[in-house]
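Participant: First to last, the sequence lines map onto chains A, B and C.
Everything in the first sequence is counted per our numbering, starting at 1 for the first residue and increasing by one.
Everything in the second sequence is counted per our numbering, starting at 1 for the first residue and increasing by one.
Everything in the third sequence is counted per our numbering, starting at 1 for the first residue and increasing by one.
Please keep in mind that the hints were generated in silico from the structure rather than gathered at the bench.
Certain hints may be false.
Stated by the list, open to error - Take a look, some chain B residues computed to stay more than 10 Å from chain A by CB distance:
| # | residue |
| --- | --- |
| 1 | A42 |
| 2 | L196 |
| 3 | G353 |
| 4 | G361 |
Said to hold, decoys possible - With a straight-line Cα cutoff of 30 Å, these simulated DSSO-like cross-link-like pairs (lysine-lysine) come out:
| # | chain 1 | residue 1 | chain 2 | residue 2 |
| --- | --- | --- | --- | --- |
| 5 | A | K38 | B | K241 |
| 6 | A | K38 | B | K338 |
| 7 | A | K157 | C | K70 |
| 8 | A | K152 | B | K384 |
| 9 | A | K152 | C | K106 |
| 10 | B | K53 | B | K338 |
| 11 | B | K401 | A | K152 |
| 12 | B | K401 | B | K53 |
| 13 | A | K106 | B | K384 |
| 14 | A | K328 | A | K38 |
| 15 | B | K197 | A | K38 |
| 16 | B | K384 | B | K443 |
| 17 | B | K197 | A | K106 |
| 18 | B | K443 | A | K106 |
| 19 | C | K70 | C | K115 |
| 20 | A | K152 | B | K70 |
| 21 | C | K115 | A | K152 |
| 22 | C | K106 | B | K338 |
| 23 | C | K106 | A | K157 |
| 24 | B | K401 | A | K106 |
Every residue, glycine too, gets a C-beta built ideally from N, C-alpha and C.
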Amino acid sequence: MTDTADTAREAPTGPSGRGSGEHVVTVTIDDRAITAAKGELVIDVAERNGVYIPRFCYHPRMRPVGMCRMCIVDIDTGRGPALQPACMIECSDGMIVSTGSPATRKAQEGVLEFLLVNHPLDCPVCDKGGECPLQDQTMSHGPGESRFVEEKRHFEKPIPVSDLVMLDRERCILCDRCTRFASEVAGDPLISFIDRGNDTQVNTFPGEPFSSYFSGNTVQICPVGALTATPYRFKARPWDLDEVESTCTSCSVGCRVVIQSSRNQVLRYLGVDVDAVNWGWLCDKGRFDFEAVDSSERLGSPLVRDEGLLLKSATWNDALGRAAASIKDGLERSGPDGLAVLGGARLTNEDAYAWVKLVKGVIGSDNIDAQLGDGLPAEAVLGLPAATIDDACRPGGTVLVLGPDPKEELPVLFLRLRHAVLNDGVKIVELASTATGTTPLAAHSLRYHPGHALHLMRALLAPTEAEDEVAGVAPEAIAAAASLLAERPVTVVLGRPNQAEGARSIAAAAKLINDAHPRVRFLSALRRGNVRGALELGMTPGVLPGRVTFRDGRDWFAGHWPTVPETKGLDATGILRAASEGRIDTLVLLGADPLADFPDRDLAERGVAGARTVIACDQFLTESVRQADVVLPAAGYAEVDGTTTNLEGRVSTLARIVTAPGTSQPTWTVAADLAFRLGADLGLESTEQIGQEIDAVAPAFAGLLHDLAAPGGEDGVLVSLPAQRNGETPDEPVEDPSAEPAAAATDPGDADPETTEPGPTEPGAVPGATESEASPAGPRPGIPVPDWRVI
Amino acid sequence: MSDGAKHVPSILSTRWDLADGHTLGRYLETGGYEGLRRALSAMTPDEVTEEVKAASLLGRGGAGFPAGVKWGFVPPGVFPRYLVVNGDESEPGTYKDRVIMERDPHLLIEGALIAAYAIGAAQVFLYVRGEMALAQERIAQALNEAYDAGYVGQSIMGNEDFSVDVILHWGAGAYIVGEETALIESLEGYRGFPRLKPPYFPAAKGLYMQPTVVNNVETLADLPWIVSEGGAAFAALGAEKSLGTRLFTVSGHVNRPGVYEVEFGTTTFRDMLYGERYGDGIRHDNRLKAFIPGGASAPWLFEEHLDLPLETGAVGAAGSMLGSGAIVVMDDTTDAVKAAWRVVRFFARESCGKCTPCREGATWLERILRRMLDGYGRPSDVDKLLDICDNISPQITWPPKQTTICPLGPSAVSPIASAVMRFRDEFFAYCGGGEITVPVHGKAYLSTPPAVGASQ
Amino acid sequence: MPRFTSENSAVADDIIARYPRPRSALIPLLHLAQEQDGHLTEEAMEHIAELVDVTPAEVLGTASFYEMFKREPVGDYVITVCTNISCMLVGGEELLHHLEHRLGVKTGSTTPDGKFTLEDVECIAACSEAPCMQVNYRYFDRVQLDDVDDLLDDLRAGKLAHEVPRHGTLSRVRQRLPENRAGNAPPDRNVEPPWLARNRRGDSEGNGTGAGDGAGDGGAS
Ligand SMILES: Cc1cc2nc3c(=O)[nH]c(=O)nc-3n(C[C@H](O)[C@H](O)[C@H](O)COP(=O)(O)O)c2cc1C
Ligand code: SF4
Ligand code: FES
């Protein structure tokens, strides 16, 4: 904790840290008696009870600083009413707060007048106009007219503080939000207050821009128009924006967002504060990702390869006809196993289910893999006790990073971990061959020889036997890290650290610690937006929708589907190898670009070339898609409704706000159309209806729709907690004294900090358990402890 | 005792006239480090604290809080504790800590060590104002001598278990850093932003969030005498709450400006302004117009207050404060508007900028006054001034209320309220008439003749 | 290249070692840089950032808060005249204007020959010696207008080199922390000082006043 002032080291940040809930106190706010957790801030308690105290510097996810003084209200703690900042004062028993007293009103009017003294009157040309806290609160709490006749403070108009962020210092009210975010939340203190008093400004060090993966958040939390995002500047006025709430799928953290658009064009994402996931933050990758949505590169109509071997645009009818015909040939020639599907990790759950139903339930092939040889075996992702982000961040725990650098691949997960390390005494043990963005946070970062993760894990679990270096790591380092693992509950952030690390050895390492450690859980660190959902729904060999093996699920699914594959099929490597050997008649690429993503480029080339027919369903003409015989343009993000599943197994909604270019279609419709042309009927007509079918047939998803619709459902619903599913409850958190402020660190309103049930579902309950036939009271089918020998 | 004749022991100023009073040799010859020796050999830390309580030594930095009581606030069992010496003296009119630091640095060091012993401070930081190059030099010299002679560092004066470092540190030009929490932020390497109290009371959460006692230079310089002569002897001097002796700086329109050690609580303002051993009267026998009793932050006092004793209670009751013991005298040739402007300009320039009312308000006040002086005042300006004051320090009263984080903002209100309420005609002369409708409650501001519209 | 010279780097390390946390050395190090270069260069701030493990932006944030740190070159002699109340009452402003006239520059600027920078400052704690001013932070008390002319001549002629070192140099004596220093008290080590521990026990045992020679009592409970 070296990057913020000591007051920050002290004050827990945001509601997550406040209100231990241990003792309840009674305070009176505007004559109403209200109970609050001791230590909760007056400003939060008031808001929760419908009394909004105006504020500028206060942000619930950051350390309160009490600087702007807008929130001062009369607070009487026994010594008579005194004006105090509601954002700094913790509730104490018998406290009397008056947010409307004449003294309060006069003071707040005064503060607003002071803030306006140097604030330019350029609202008409300001991006913030219409959604500006300063503008709004001037209306609600401000003085009538300005008495300021002197000249206002002057600065050079907007200056770029980074490629993405512009700063207008004349508009700045010095609330310390952006600077606090930079140092306290992101850990990139590259902007700072400069100079003093009335000349104070926010700025960077000359020639050192505010280059942070998270800079966009400062724009979102700026209470005036001082910080603007280059991509959005002057694009639109708030009042002519349409918006929907959705989920970011740039990576698998699944941050909740509001997507705003105007005239069928996506203009801006805003982070939504979801307690269990992103706390309102977004990474710049995710936030500014939308540029891709309406890129000119997008495919607008189907393409088919003509005799001249050129891709020519065609009608959907022709294209689907061609596709169906070649699939038929293939099936006649070599049966279901001649068909293989790659990709799907970036589709919606509904798309995934439709394709799995087509491939496994109608055609009867099990050659389908959402991952491209760069992921983990389904068992390792789905079969181990699952942790939520909150579990990983729970005070007193250890997080073992055995996967890609969270800061690079799962940025907002990094922010959550960073907060947990700095405020809640969580310790990180990182296994990485080179320094990463997460290394500075790690209590121990073990530099091991690539490819030797398994050995290192062995040593970590039995340190006493490690007399000398293991995989290049010194025994002392191993011992130190090992004790952090042994003594505390452990969450393993599990993924592929590097390509040298085979999926097998990682999975085996995971198995090792799972068997050895009584209190270990796993958080998958797979990158692609909906890879988890794809696996959950069976886009991987040997698994049926709802995380069910053939053995456990065959009978059940036989009752719902025309057929179920006999034997476990091929994974991506197997598929490409088979294709390269001419054993694949039809290879379907669902938003997959094996030529670019599959680790073994040569095999990928031979595979794609070797498949008799390649059908691609994609938004772009990628390298692989260029090789296809039939190309079907897919509607993409913000163009389709549905649901997605994040790395925790949390299902949340995706919303449509713009129409896809040209004749692009949702990917699930392609599955339905092909089925029809193959003489079958998927019985799938809309995303809603697919959702209902998933809900009804996929065991782990039973009751999902009900839960999504229920209060809090918009924050997502967990479908993947084997721990709960098998009736066990996760470990109690170990209270780390050094992490005092953090009891209930993950559940502000939670009366019982001991509750370890993450997310919105009730403790111990099967997520969404209902009386429906899909979720019998007894143990439902699920992946048993995996048979590791097959990996 | 208007001739200030009564003999009082000098506790602080004994070495000021010695050319080599700042050297260890001369310090030892003149009884130096005897207080520390006594504390270490004959007293427990608690007994030292008791003596200081018995002396009821009020802090000399401005807030006037009893030192012994403050020491008692450090939470038991929490270590390490730190002692921070506040040598940032910069309250306009105040020149006394510098005298001690330049002419008797060992006295300060000895006092600091006694305090460190009493409160159990494992490290002492001596924060000297940046602009005071000579003070820094003298203290650095003194510390080097003291370390070599074993008065600081390991096993002080042969006491194996009393080892403390005194680290000389200095600022770089910012008045606000005199405020104890801003001083701590500065000492941690940050901008000199005051912390909010609550929750950051230094005694509990100070330097590095550890229990920290911040004491003023003069406060600590009193300790060697108190320990040697006893708290009772100290308390035998002075009156009411104001005991012992105290340094006062007399400046402005007096014949004999200077820094004087006087008996606290009994000496009067008249003594300080007119006694020939002190101010020796107003220059050119002009009439007194007003005087600032305790530094720029204090409301002004007037003729009718001359016979008030230099006693915190009495001055407080009159609606002002002794603050940092800085008496600034203005004769009847002084332009009240200009004087007020100059003091307000100081606070506007020194606002740290952390909180809105001070950052924007103080500057605004300064610019209105400047505009008046430049001849562009408007009748409504006087009322506007007071209303802005009211938004910084609600009700313009004393002791001041504040919408700000620290008392600096409200300090800008004192000179304006004082000058406007007492010399309104001068203001109206600058901006042509108008009337005052903003209620003002500070007693000193309202002293005769009672102000129109200024009633409760 | 105005990073710290190797000699000053050693001084810097010595300064950093005095504090429980490196960042506390920030302001002393900025002074050291100004002593070396006469003003604060960006390179120096970057070097300091490395030394105390913060970003240059954080160094600038702190440095720019304090008036004494000059981010632009200044004259060999920085003349700071107090115009605050005590001085104003007895001629501080006249003194400032006289200097503007004599130096031919406005307050806040530097003479073309780079010799003098003139500033008006707030109270410098010499109120009973008003009107007063400083040259490179050395005091000149009760300054009369004609004294000033001589002073300027002497400074130009380098006659006062002894009293007035070059800008940036404050104390010409550095505190040495010798072998017998007690050592830092890191905030995260909750150790009761031995003399407190001893006396607590002492009290209960009814003996022991003062630190005595509590040999061996070093170990705090
Ligand atoms: C704006 C402001 C400026 C201050 N300046 C000083 C100062 O220059 N020297 C000082 O000793 N105390 C100053 N103080 C008071 C300190 O905050 C603190 O009360 C004092 O140093 C405590 O020491 P004492 O109890 O021995 O007086 C200032 C307070 C404020 C609000
Ligand atoms: S009152 Fe003024 S000096 Fe004090 S914190 Fe607020 S801005 Fe800073
Ligand atoms: S919101 Fe409380 S002071 Fe700014």
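Participant: Hint by hint, which ones does this structure get wrong, listed from lowest number up?
Facilitator: 2, 3, 4, 5, 6, 10, 14, 20 and 21
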